[in-house]
Structure formats: structure tokens, C-alpha cells
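Heads up, the working numbering is the position in the sequence shown plus 148, with the first residue counted as 1.
Take these hints with a grain of salt, some might be off.
What the hints assert, rightly or not - Ranges of calculated distance between the beta carbons of each label pair, as one might list FRET restraints: (1) 204 to 165: 56 to 66 Å; (2) 179 to 206: 50 to 60 Å; (3) 154 to 180: 25 to 35 Å; (4) 154 to 175: 38 to 48 Å; (5) 165 to 203: 37 to 47 Å.
Everything labelled a hint here was simulated from the structure, so no lab data went into it.
Beta carbons are placed, not taken as given, at the ideal position from N, Cα and C, and that holds for glycine.
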Amino acid sequence: MQPKKLENYKVFPFIAWTICVLFAGFVGLLSLEMKQAITELQTINLQNAEKIDSIEKKLDQR
149 MQPKKLENYK VFPFIAWTIC VLFAGFVGLL SLEMKQAITE LQTINLQNAE
199 KIDSIEKKLD QR
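Could you build the full structure based on these sequences and the hints that come with them?
Structure representation (C-alpha cells):
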């Protein structure tokens, strides 16, 4: 006797779609977190560039 295929269960489509929707939400949240982290890193990078420029100007004035 062969085991029953997973696709033959009545609740399979509901479980499969629920998993798909949850995974899509998870990926969406990850992308939002990455976007926020990238924005913060860009801001920090600009601040560091400004600090380096000011240090270079001070050294050039000597």
C-alpha cells in the first residue's frame, strides 16, 4: 500500500497558501529592514566623509 500524497489532503491548499503568504511577508519585512540599514549606513558614510574633509582642511592649514 502506497502512502497518500500530500497534495491529496483537503487542507493542503490552505496550508500551502498560508506558508506562501507568510514567506512573502517575511521577505517583505527583510527588505524593509535592509532598506533602513542601507539608509543609516549611507548617512554614517556621509558624516565620516565630512569629518575626513574637515580634518584634511585643518591639516592643510598648518
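Quiz item: Does 25 to 35 Å hold as the CB distance between residue 154 and residue 180, or does it fail?
Solution: 33 Å, holds
Quiz item: Does 37 to 47 Å hold as the CB distance between residue 165 and residue 203, or does it fail?
Solution: At roughly 57 Å between Cβ atoms, residue 203 and residue 165 fall outside 37 to 47 Å, so the hint is violated.
Self-check item: Outcome for the supplied range 50 to 60 Å, where the beta carbon pair is residue 179 and residue 206
Solution: 41 Å, violated
Quiz item: How does the Cβ-Cβ distance of residue 154 and residue 175 compare with 38 to 48 Å: does it lie in that range?
Solution: 24 Å, violated
Quiz item: Taking 56 to 66 Å as the hint, is the beta-carbon distance of residue 204 and residue 165 inside that range?
Solution: 58 Å, holds
Checked against the numbered hints above, the structure violates hints 2, 4, 5; every other hint is satisfied.
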